[in-house]
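Student: Chains C and V are the protein sequences, given in the same order. No gaps in the numbering here: position 41 of the first sequence is 40 in numbering that gives the first Met the number 0, and each next residue is one more. No gaps in the numbering here: position 284 of the second sequence is 283 in numbering that gives the first Met the number 0, and each next residue is one more.
Some clues are possibly wrong.
To be verified - Short, incomplete list of chain C residues facing chain V, as computed with Cβ under 10 Å: (1) Val25; (2) Pro138; (3) Thr141; (4) Thr236.
Hints were generated in silico from the structure; no laboratory data involved. From a predicted model like this one, the values you see are computed outputs, not experimental measurements. Here a beta-carbon is modelled for each residue, glycine too, at the ideal position from N, C-alpha and C.
Here is how the chains run, residue by residue.
2 protein chains.
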Amino acid sequence: MNEHRPVLLIRPRPDDPRLTESVAGVNERGERIETRVVVERALTLYLNAQEIVTMMTINDYPEYLALGYLLNQNMLRPDDVVTEVEYDEDLAVVVVRTERQTDFEDKLKKRTQTSGCAQGTAFGDLMEALEDIALPKTPLRTSWLYRLTHAINTTPSLYLEAGAIHGCVLCREDRPLVYMEDVGRHNAVDKIAGWMFRHGETGGDKIFYTTGRLTSEMVIKTVRMGIPILVSRSGFTAWGVELARQCGLTLIGRARGKRFIALSGEDRIVFDQDLSYVEEESAKHRRKGAGDE
Amino acid sequence: MNEHRPVLLIRPRPDDPRLTESVAGVNERGERIETRVVVERALTLYLNAQEIVTMMTINDYPEYLALGYLLNQNMLRPDDVVTEVEYDEDLAVVVVRTERQTDFEDKLKKRTQTSGCAQGTAFGDLMEALEDIALPKTPLRTSWLYRLTHAINTTPSLYLEAGAIHGCVLCREDRPLVYMEDVGRHNAVDKIAGWMFRHGETGGDKIFYTTGRLTSEMVIKTVRMGIPILVSRSGFTAWGVELARQCGLTLIGRARGKRFIALSGEDRIVFDQDLSYVEEESAKHRRKGAGDE
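Use the sequences and the hints to build the structure in full.
Tutor: Now the structure itself:
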């Protein structure tokens, strides 16, 4: 395979001094060492006058994160008009203002009653929003898949610099478009959703690549973005597979080197790549479990 | 290093047919394959008469999970008397009953007001409970550390069977005692906390091994269990390191083969292992990022 370095619209910024810091410690020989670790920051999100959540984030794209969070929590509708997104760095606050009166107060109340855990209830809300979505029959050529994973694994990133971070990449055909990283995977997903909203991009012709497991939550978010294909180098959970099949999502996991497994939506896959020309992944670019949560 | 298979008090159950299921799909050659995936189940937790949360879990130890969740959320105190833990498999409900009237209703209210996200606020509550805890100066011999990681990596597990799962292990000196797995790491931690509570085990002489990153949340839970040493093969976040230093926790990450890095509490480490006798880890037992969240 030829070296393939497409121009990303948004790429990781491993050289940004605000995103990592140097920390001193010792190694296995008792020698003093310095290493770089990713910096988390608290960011509090308001929707109009209401405080919604405080997130821990690397805080490289607070506006995309704010928009994507609200969209993925179903607090902002795709057809909502956002009049302003105001970010105050000193206060660590981001405020999203909309034309429409938002109904998040009822939602927050409901959340407490049903579970007391954001994950549990956000889930219920998200499921409701899936029912109207039909994913298009966009093909996935295996030649694109190998070019994508190679390009993603060799792009300079915070992961390669400091480890312990998740990454998500929005792609079209064989081209990675937007590569976001964050301490929590949900943030990386939300930043991509916010970018799509801001730029009027739809999901039907896209492929979503993520680090980490193919869980039900990840399937729901991908379907909500209208993206028909979800790829990870990690494995599957049973409920993730079940939901993907219900939604008609193509679900590809354990994508490492030339290997992958598809457990849902296999009909989108076009096996056009001659596998004898695909390299096994090099040790250097293998994700070493450092992105696990 | 000699083969070292200590007798675990609780070990993973990769052969339990309820914990995994076989799923059909295709591989990179378009061939039909079958693979095993971990099954997630919903489990709803009540504390006395109040519904608290619905959790997604492999549900192998609902009682330990229930107790540990309540302890780690600060809804149950270490000195509380639990009069009954009732698990109903058909209803998928577990009820914890205590002598003391519990104050979780106020807590749930507070949660909504301050953040609307369980992660954010649970955090605030957890921080409050850290202030009184002083971790003992229990030593960590590097010879123990290598024996522990070797034993853990070679113990049959759902991870080795199906991937895409987290694991946490409670250890003493060079011996793994309790090895719990679950789809979410927080569940695996909570099951260990519940086991400790049930068996009156304290944390001061223990070592906690986990898959996944050394985040602030993981540091807080370890300190709350009174355990002075936390080890992972994954990396660090800046806030995790900061909190570990504040609490005097020994924090060891990137523990793979003979390598590791300590970024906090290095004074507990006794470098007694001759490194020329430590094997690099074999490809077979390397966690391949499949445990990421």
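Student: Each hint needs a verdict: does it hold in this structure or not?
Tutor: Right, here's what the structure says about each hint:
1. Val25: With a minimum Cβ separation of about 5 Å from chain V (threshold 10 Å), the hint on C:Val25 holds.
2. Pro138: 14 Å, violated
3. Thr141: Holds. Min distance 7 Å.
4. Thr236: Holds. Min distance 5 Å.
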